[in-house]
Amino acid sequence: MWVHLRIELYKIFRKPRTYLAFAAITALIVIIQIGLYVDGKEYTEFVMADFANSFAVDGKILNGYFICYVILQLLLIHVPLLIALIAADMISGEANMGTLRLLLTKPQSRTAIVTAKFLASVIYTLMLLIWIAILGLFVSTMIFGTDDLFIMKSSYVVIVKESDVFWRYTGAFCFAALAMITVASLGFFLSFFAENSIGPIVATMSVIIVCTILSTMNIPIFNVIKPYLFTTHMITWKEFFDFKVNDANEAIVGSIQYPERIIHSSIVLLIHILGFAGGAILLFRKKDILS
Amino acid sequence: MKPFKIVIVIFLFACISTKVSAQDVTALVMKVKNKLDQVNDYTAEGKMKTDIAFIKAPVGGVKVFYKKPNKFKLQRNGGISVLPKGGVSINIGNMIVTTGFTAIDAGVVDIGKVKTRIIKLLPNGDNNDIILSTLYIDEANLLIIKSITSTRENGTYEMEMRYGKFAEYGLPDKVLFSFNAKDYKLPKGITLEFEDTDQATKDKLKGKKGRVEITYSAYEINKGIADSVFK
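Residue numbers (my numbering), protein chains in the order written: chain A, 8 to 298; chain B, 196 to 426.
Any given hint might turn out to be false.
List of simulated lysine to any residue pairs, SDA-like, C-alpha gap at most 20 Å [to be verified]:
1) B:Lys262 <-> B:Ile299
2) B:Lys242 <-> A:Lys18
3) B:Lys310 <-> B:Ile299
4) A:Lys251 <-> A:Tyr265
5) A:Lys168 <-> B:Glu240
6) B:Lys244 <-> B:Phe260
7) B:Lys280 <-> A:Asp57
8) A:Lys67 <-> B:Val259
9) B:Lys404 <-> A:Ile68
10) B:Lys280 <-> A:Phe58
11) B:Lys244 <-> A:Ala255
12) B:Lys258 <-> A:Thr118
13) B:Lys242 <-> A:Gly66
14) A:Lys18 <-> A:Thr118
Bear in mind the hints are in silico, worked out from the structure with no lab data behind them.
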């Protein structure tokens with residue numbers, strides 16, 4: 008299977024659209040960085056307008072950690088669309104080019120072949136996230152420097168000590184990897200139902216857009232299904248940036264306010280991954296490739 | 196005629212005693228002011244704890260700079276600090292204003308084990324940001340134990356001081372600064388949060404006084420500070 012995985016990775020990185028995703032992410036992050044470098048003061052003033060009426064904030068709010076938080080907040084909504092470009096093409100692309108039958112003539116089980124394809128799309132997803140981490144976190148800290156992380160939530164403000172930030176990003180990126188692998192497995196699953204690439208890619212994007220809207224809308228009828236939607240759990244990475252306080256409202260450094268939410272969301276996402284990937288493997292084993 | 200004379204005598208006595216009392220408290224305020232005037236400048240290091248219901252902030256080191264007559268700067272030793280506007284900048288230079296104010300004796304009260312005289316300072320003009328300042332002064336040691344300052348723009352602030360090693364200069368070891376914190380809300384569209392804050396957290400965030408506590412560990416007094424520090 009290792010050989011087949013290398014072949015699949017070779018195929019992925021031979022496609023121009025693979026680099027399109029990296030280029031799109033680079034462009035988006037650079038645009039955000041330039042925008043905040045030039046007009047970051049206006050941005051923070053806008054976000055903090057209500058807060059600044061009563062409080063004076065002293066310190067370097069616009070630092071690399073804050074920029075990375077903004078980037079993650081914006082990009083993790085859009086990156087799934089870029090992941091769909093590759094993951095939803097894994098099987099349908101072969102069918103479209105007519106290479107699926109040829110592929111299955113290899114002395115490998117169908118399970119091994121499809122697992123290698125899935126792992127290749129997972130590796131691509133992880134590389135995309137590592138690229139976001141390099142540009143969003145490391146380059147941002149090089150350009151903007153570091154300081155405490157100032158986060159404005161809808162009901163309260165969190166200031167995370169500089170020394171307490173990095174491990175939270177490590178956790179957040181690991182969680183984001185889980186969320187993005189869910190998207191990859193959805194695209195991978197849908198790629199079995201079409202013989203051209205466009206259909207599954209558009210279907211994956213549509214599912215993500217519809218589910219995201221349902222997750223965002225605060226309407227009682229949708230609240231029933233919200234806990235089961237993977238898009239609801241994709242933003243749980245933010246929980247890494249909220250900590251517990253003691254009775255005197257003193258921050259407990261190194262703590263997480265709701266670790267159970269992270270565990271719950273991770274389980275929900277893992278179930279989705281297993282469901283989509285397992286479903287894809289089962290379907291592929293029984294897929295009629297003669298017609 | 197006799198009762199009328201008695202009324203006049205009582206009235207005159209009341210007027211004189213009020214005048215004498217006002218002079219007494221003004222003298223007391225001046226004594227405290229003179230004590231504080233020993234300090235031309237100081238640099239102090241300490242720890243700041245922010246206790247505001249809707250702000251989660253770690254305890255951090257702060258450095259405070261003061262220079263006569265009214266230059267004051269509080270800076271965190273690295274990191275970001277959030278302070279109520281206008282409030283924490285109240286310092287020994289502007290806590291007592293001895294000109295353009297009328298001092299009124301408002302009695303005596305015990306704060307902890309310390310007997311304090313309550314003095315209300317009313318500004319004479321209309322243009323002052325401070326509407327009313329109430330000082331609780333430890334007469335024996337000439338120390339301000341507590342002050343309540345009502346401002347036009349920034350609400351009412353309460354400061355409680357605890358003294359130790361630097362009491363001879365009128366400088367506190369600990370300052371507890373409390374104020375009424377307004378509710379805070381930011382649209383979910385900006386924060387990109389899907390889930391509602393749970394009820395327990397919402398209840399915790401409501402109707403609580405904000406407090407900033409600064410505990411000073413060391414003062415450097417009258418060593419000279421450049422004006423550039425305050426820019």
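Original post:
Holds or violated: lysine 404 of chain B with isoleucine 68 of chain A, Cα cutoff 20 Å?
Top reply: 25 Å, violated
Original post:
Does the alpha-carbon distance linking lysine 280 of chain B and aspartate 57 of chain A stay inside the 20 Å limit?
Top reply: Holds. Lysine 280 of chain B to aspartate 57 of chain A sits at ~13 Å (cutoff 20 Å).
Original post:
Is it true that the CA of lysine 67 of chain A sits at most 20 Å from the CA of valine 259 of chain B?
Top reply: 18 Å, holds
**OP:** Quickly compare the C-alpha distance for lysine 18 of chain A and threonine 118 of chain A to 20 Å and report which way the hint goes.
**Re:** 19 Å, holds
Subject >> 20 Å Cα cutoff - pair lysine 244 of chain B, alanine 255 of chain A >> reply: 9 Å, holds
Original post:
When you check the alpha-carbon spacing of lysine 251 of chain A and tyrosine 265 of chain A, does it fall within 20 Å?
Top reply: 8 Å, holds
Original post:
Is the Cα-Cα distance between lysine 242 of chain B and lysine 18 of chain A 20 Å or less?
Top reply: Violated, at about 58 Å.
Original post:
Taking only the CA atoms, is the gap from lysine 242 of chain B to glycine 66 of chain A under or equal to 20 Å?
Top reply: Since the Cα atoms of lysine 242 of chain B and glycine 66 of chain A sit roughly 16 Å apart, the hinted pair holds (cutoff 20 Å).
Subject >> lysine 244 of chain B paired with phenylalanine 260 of chain B [C-alpha distance capped at 20 Å] >> reply: Holds, at about 18 Å.
Original post:
Is lysine 168 of chain A within 20 Å of glutamate 240 of chain B, Cα to Cα?
Top reply: Holds, because 19 Å separates the two Cα atoms, which is no more than 20 Å.
Subject >> Hinted pair lysine 310 of chain B and isoleucine 299 of chain B, Cα distance within 20 Å >> reply: Given pair lysine 310 of chain B, isoleucine 299 of chain B holds - Cα atoms ~18 Å apart, limit 20 Å.
Original post:
Does the structure keep lysine 280 of chain B and phenylalanine 58 of chain A at a Cα separation of 20 Å or less?
Top reply: 10 Å, holds
Going down the numbered hints, you'll see the structure goes against 1, 2, 9 and 12, while the others check out.
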